[in-house]
Amino acid sequence: MRIRRAEAADLPRLQDIERAAGEPFRELGMVEIADDEPPATAVLERYSAAGRAWVAVDGDDDRPIAYLIHDTVDGAAHVEQVSVHPDAAHRRLGRALIDHLAERAAADGLTGLTLTTFSEVPWNAPYYTRIGFRELAEPELTDGLREIRRAEKEHGLDRWPRVCMRRDLPPAGSR
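My numbering puts the first residue of the sequence shown at 1, with every later residue one more than the last.
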């Protein structure tokens, strides 16, 4: 497995990964999440063109099996989406993509990684806690994270408990 920037030819595959990665939510009764459409190709193209889309690829055929897209929000790299195709699950691909982003974000002088996620889904908040994220209390939320949470509420995601999480990065001088 290797990580590289997403290319235009990868974008339909990223949508396929997203659809497949959503299926396990169905078993938790989160049918709306399972049925949610992946980001549009135009959205993924913007992330790719900006250098904010990464893929983990199978070494044999260079085909994406996981992906991550991110924004910069209030001095942190914000993980907008990280998805692993279920056929490639349990190979630490999500963690590898997040660690890759952490290295890049630290090199760019960002202070941490942030994300929003479902608190009670085993492969969401409990997983992120295991890889170094911590849940943010309401007073710790930045304006940008509050805006993301507002948009998520409008999209109906608050039907299930959600949290904001952060993984701090080492200060610039200590790398």
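The set of hints was computed from the structure by calculation and includes no laboratory data.
Wrong hints could be hidden among the right ones.
In silico DMTMM-like links for lysine to aspartate or glutamate, alpha-carbon gap of 25 Å or less [claimed, not checked]:
#1 LYS153 with GLU135
#2 LYS153 with ASP61
#3 LYS153 with ASP35
Tested hints:
1. For the suggested pair LYS153 and GLU135, the alpha carbons sit about 18 Å apart, so the restraint of at most 25 Å is met.
2. The hinted pair formed by LYS153 and ASP61 fails the criterion: a straight-line CA distance of about 39 Å is larger than 25 Å.
3. With a C-alpha separation of about 17 Å, the suggested pairing of LYS153 with ASP35 holds against the 25 Å cut-off.
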